[in-house]
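Number of protein chains: 2
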Amino acid sequence: MQAFSFQNPTRIEFGVDKEKQMGQYMSELGAKKALIVYGSERVKKSGLFDDVVKGLKEQGIEFVECGGVKSNPILSKVREGIELARKFGADSVLSIGGGSCLDSAKAIAAGTVYEGDVWDFFTGKAKVQQALNVFDVITLAATGSEMNDGGVVTNDATQQKYSLSGFSLFPKVSVINPKLQSTVSRDYLVYSASDIIAHSIEAYFTAKVHPELISMQVEANIKTVIRTTEALLNNPEDLDARGEFAWAATMALNGLTHVGIAKYGFPNHMIEHAMSAVCDVPHGAGLSVVMPAWMTWYKDQNPQQFTRFAREVFGLQTAEEGIQALKQWFDKIGTPTRLSQLKIEGAVLEEVIDNAAGNAVAWRMDKVYTREAIADIFALAK
Amino acid sequence: MQAFSFQNPTRIEFGVDKEKQMGQYMSELGAKKALIVYGSERVKKSGLFDDVVKGLKEQGIEFVECGGVKSNPILSKVREGIELARKFGADSVLSIGGGSCLDSAKAIAAGTVYEGDVWDFFTGKAKVQQALNVFDVITLAATGSEMNDGGVVTNDATQQKYSLSGFSLFPKVSVINPKLQSTVSRDYLVYSASDIIAHSIEAYFTAKVHPELISMQVEANIKTVIRTTEALLNNPEDLDARGEFAWAATMALNGLTHVGIAKYGFPNHMIEHAMSAVCDVPHGAGLSVVMPAWMTWYKDQNPQQFTRFAREVFGLQTAEEGIQALKQWFDKIGTPTRLSQLKIEGAVLEEVIDNAAGNAVAWRMDKVYTREAIADIFALAK
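Chains A and B supply the protein sequences, listed in that same order.
The numbering of the first sequence is the working numbering, which starts it at 1 and goes up by one.
The numbering of the second sequence is the working numbering, which starts it at 1 and goes up by one.
Just so you know, the hints here were simulated from the structure itself, not pulled from any lab data.
Hints are not guaranteed to be accurate.
The list treats identical chains as interchangeable, and a pair is accepted whether it falls inside one copy or across any two copies.
[Stated by the list, open to error] Each computed DSS-like pair below joins lysine-lysine, with the alpha-carbon atoms no more than 25 Å apart:
(1) K263 / K125
(2) K263 / K20
(3) K208 / K223
(4) K179 / K263
Please model the entire structure based on the sequences and the hints provided.
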């Protein structure tokens with residue numbers, strides 16, 4: 001185990017109907033005026049918005065709305081939210097939606113109390129020192145944002161998909177209601193499975209020190225995603241599977257599966273962010289294309305851990321068998337594994353490669369991720 | 001997954017020499033006057049006390065000492081600490097020692113700011129509403145107290161070994177330095193292994209709903225304890241093993257391996273607390289006697305999970321094989337598995353059974369734990 005610091009103050013309220021108590025949770029922390037961030041009008045049609053808002057009204061919490069956040073959320077919407085929050089004098093930001101919504105809410109929470117430009121937090125020009133209190137009802141299990149201090153937003157002017165983070169961005173209270181997640185489409189279920197697996201494997205493969213206890217926890221998470229995704233494809237109403245799937249998403253990126261390990265990177269995310277920034281493909285769909293290719297490209301850097309992955313996750317012998325098993329599983333559940341399925345080819349692919357090479361610099365990745373290396377990885381995904 | 005609430009605000013500082021920064025961590029949270037709780041003079045002879053105190057002095061934190069906390073900590077020492085803390089006007093309690101020390105520190109932290117008798121928190125007459133800030137340098141990995149809100153103390157007047165808890169008792173900062181734990185005796189290493197395994201199995205076997213993801217996390221913990229204990233018996237200086245062992249102890253009881261499960265009990269602890277309250281045996285030594293006996297007595301209540309335990313932890317087929325493998329492993333590492341090894345026999349055993357039957361009522365255990373049932377369990381440990 002290497003030295004580490006760990007603290008995660010987020011309160012999780014997990015269970016059916018917990019969103020109805022959000023007003024109470026917020027009130028306990030002094031909320032009086034909230035900006036509510038959401039995506040499509042579906043949260044209103046489904047009654048979810050009203051259920052949450054009823055609890056806020058009972059506690060005397062006033063609110064204004066910032067709807068229309070899209071998947072792969074964009075900076076211009078964040079700026080709009082900041083303006084709204086300032087005018088209203090919001091003390092809290094409440095996200096009702098998936099990870100895109102929550103990530104936007106975090107950026108708004110930090111940007112509202114910052115005098116400069118919110119994009120400074122993404123470029124590293126400024127650090128998040130304070131923020132409005134963040135709360136969320138998470139309707140899609142994937143990003144893990146409900147129990148961490150990070151967020152990802154695309155600058156729609158420059159097509160840079162970057163992240164921000166800061167201790168004050170840990171949500172104060174996150175509601176995870178598996179039942180609310182039952183309406184997620186089949187496509188987004190499998191993209192989410194891909195995303196959670198990606199969060200699980202990045203450090204697992206790239207950290208040169210990775211204690212066996214942590215490896216076992218990561219493998220437990222991956223095996224849970226595989227088992228519950230299959231259960232949910234058979235029966236989307238299986239609330240036990242839905243709950244475990246959701247909790248695996250949270251555990252994959254709440255810091256606990258990253259303690260005591262050596263320095264690590266997010267190469268799959270670095271590459272995929274370019275795909276969704278340039279082509280607006282679903283994040284998880286991009287990741288399931290990148291992962292098997294990157295694993296093949298990278299496996300000789302850490303042969304023991306790749307062999308371990310094959311054995312522990314799939315009961316197979318060799319690194320290559322493990323990679324192929326993952327790819328076949330992605331094919332089986334119906335998330336893409338080839339660039340052609342996402343129509344990323346020719347000039348568009350070149351643009352994606354350029355963008356990824358830019359990410360490699362901006363993210364201060366290992367210098368091995370040159371434009372040429374990224375092209376080599378993509379060549380394995382054709 | 002069943003509904004749950006989870007929040008654990010403790011900051012963990014893990015790594016060699018982190019205890020030297022305790023003064024800084026405390027200062028960041030406004031500490032000015034600390035009561036330092038410790039056990040034997042060994043912490044002074046080893047230089048640890050001075051290393052920590054140097055950091056406090058650098059930050060201008062004044063302190064008074066409350067030494068002499070013993071294993072199976074007692075209420076009279078807690079009362080002494082409360083009096084000292086009040087006279088001194090302490091704002092913080094810093095424990096330098098193992099779980100006994102930290103549990104005493106938690107009771108002192110709660111008792112100092114409570115007008116009534118601190119024992120009220122243990123009997124359920126009062127709830128912990130506030131407390132002095134608790135900090136700790138944990139020198140023995142076992143109780144998990146460094147990342148939870150509970151503590152156990154024995155009332156030396158009545159021989160009741162009870163617990164208290166409350167959100168304000170989560171340590172603000174816990175230092176886990178594996179190197180400091182290298183000096184733990186061989187005996188206390190194996191007793192600690194037993195204690196961590198006990199923390200792991202109580203809910204694992206007694207919760208009627210136990211999601212597979214959580215079961216896998218518990219099994220990862222148990223397998224880690226087995227692997228690292230053997231490594232440490234071979235080489236006490238193996239800091240990687242020491243670190244994983246310590247982190248398994250923390251993970252066993254920080255709440256995360258208890259989310260989403262049904263109601264559960266602590267029958268092994270309920271029974272063992274009587275043994276250490278009456279006979280002052282080491283907690284882990286008592287537990288390794290109780291566990292195989294209790295498992296044999298209980299296994300038909302939850303056959304699937306016992307079979308799973310045998311398969312996942314030991315690669316065996318049947319529940320009984322799994323129980324015997326655990327018992328044999330306890331024998332192998334040298335922690336007791338029979339009452340005679342602890343000299344608990346005859347009239348003393350009867351007294352222990354009476355005491356345990358009292359615990360069963362006080363802890364509001366399942367009504368199945370009658371005096372007769374407890375005697376039956378002990379009969380399996382002869």
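Are there hints from earlier that the structure breaks, and if so, what are their numbers? Checked against the structure, no hint fails, so every one of them is satisfied.
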